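A.B. asks: Read off the chains here:
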Amino acid sequence: MERTTLDLWVGLFVVAGIAALIFLAMKVGNVGNFDAAKTYAVTAKFGDIGGLKVRAPVKSSGVVVGRVGEIGFDTQAYQAVVVLNIGTAYKFPVDTSASIMTSGLLGEQYIALAAGAEEKLLGPNDVLKITQGAVVLENLIGQFLYNKTDEPTTPAE
Amino acid sequence: MPDRLLHGIRRVGHRTIESVWRLGVAARFFVLTLLHSGICLRRPHLVIREIFSTGVLSLIIIVVSGLFVGMVLGLQGYETLQTYGSEEALGILVALSLVRELGPVVAALLFASRAGSAITAEIGLMKATEQIAAMEMMAVDPIARVVAPRFWGGIVSMPLLAALFSAMGVFGGYLVGVVMIGVDDGAFWSQMQSAVDFREDILNGVIKSMVFGVAVTVVALFEGYDAPPTAEGVSRATTRTVVTSSLAILALDFVLTAFMFRGV
Chain V
136 MERTTLDLWV GLFVVAGIAA LIFLAMKVGN VGNFDAAKTY AVTAKFGDIG GLKVRAPVKS
196 SGVVVGRVGE IGFDTQAYQA VVVLNIGTAY KFPVDTSASI MTSGLLGEQY IALAAGAEEK
256 LLGPNDVLKI TQGAVVLENL IGQFLYNKTD EPTTPAE
Chain Y
261 MPDRLLHGIR RVGHRTIESV WRLGVAARFF VLTLLHSGIC LRRPHLVIRE IFSTGVLSLI
321 IIVVSGLFVG MVLGLQGYET LQTYGSEEAL GILVALSLVR ELGPVVAALL FASRAGSAIT
381 AEIGLMKATE QIAAMEMMAV DPIARVVAPR FWGGIVSMPL LAALFSAMGV FGGYLVGVVM
441 IGVDDGAFWS QMQSAVDFRE DILNGVIKSM VFGVAVTVVA LFEGYDAPPT AEGVSRATTR
501 TVVTSSLAIL ALDFVLTAFM FRGV
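Protein sequences appear in the order of chains V and Y. Position 122 (the first sequence) corresponds to 257 in this note's numbering; numbering is contiguous. Position 31 (the second sequence) corresponds to 291 in this note's numbering; numbering is contiguous.
The shape of chain V in the complex, shown without the other chains (with noise of 0.2 Å):
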């Protein structure tokens, strides 16, 4: 089969393409950070989880150790079910606490652990018993003015 430049024009023109693809994966995106493969689920509950979103960070000492994996509702407890996929290079003592923080003051919300003293370490499907649901400032700002009525005034000398 003779080759033509048309054919060389084709190949540059795919290979800029895959080029272009990789570009994407690689500099733009974060392909492969958390793998499925390579995490292992644990679970959480929380009272309230406030704006937290399915792929939301999950951080401890501000490092990602894993992401979100899925939200849903107990109907017994009348309590959101988080389940956390956390990488396995990651081991974190059975106490473990997690509480949903805020990035920032209005940013995005994620879940930090505080890593505990036991020796046992968490594995697959345990379930994460010291939780702390995400602060809502409605509710925060609210306690603040009730507080503030509730203060005896100091009368003026």
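Everything labelled a hint here was simulated from the structure, so no lab data went into it. Hints are not guaranteed to be accurate.
[To be verified] One-sided and incomplete, this derived list gives chain Y residues near chain V with beta-carbon spacing under 10 Å: (1) GLY268; (2) ARG270; (3) ILE311; (4) GLU339; (5) LEU341; (6) LEU421; (7) GLN453; (8) ASP461.
From a predicted model like this one, the values you see are computed outputs, not experimental measurements. Virtual Cβ for every residue (Gly too), placed ideally from N, Cα, C.
Got chain V sorted already, so can you dock chain Y onto it with the hints?
C.D. replies: Positioned in the frame of chain V, the structure of chain Y alone reads:
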């Protein structure tokens, strides 16, 4: 008066039936094209030639528009984000809007007007000059020889063009945001990387552009094949290709977006 009314109603009915009819013929044409695609494997140089005329020749317009769209996104995004003091999120804004929406959609719109119209005009003219009839006389199936290679050429070209568009756009956003305005280089890339997911965003963008590629090439091929074999007929068919495929792209984009990015 009732006569004119009746005439009007009749015309509406005629048009409706006509368009449904055409839709049916187009669907059959699409299936026929798929059935006759075997030739593309046996004679790949036919497809390669079509990739050249649809893909390679669209490169310049795609690359240049991608660069400019990215640069405009960088400028506009910076203006808005700056008011909230989060200029570093510029990378996220540019990358997500390009990879998810603008890349596939604008590249497909450009592809429809650059390559789709060319396909329609070419096939329409082949028909007008009776080349298609001549092929049939020689027992060469025009769908296999003319239509199928163009179809596959378009499908291969479109995702590559969309990826190039997005990549150039991100580069354009980088040029304006980081090089020109001075957003922090590290934050620009790292925030982008933490927000853009490969499967969720990039692969969905590729799927979108493939669907658009199918839509544009099928519309272009069918309009060309169905064009009345006159100068006016070909010119009308070319116009219809651009209009129909652009509308199809936007409508399909809505449907695909509703499926892909609902509430995540």
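A.B. asks: Can you name, in rising order, the numbers of the hints this structure does not satisfy?
C.D. replies: 1, 2, 4 and 5
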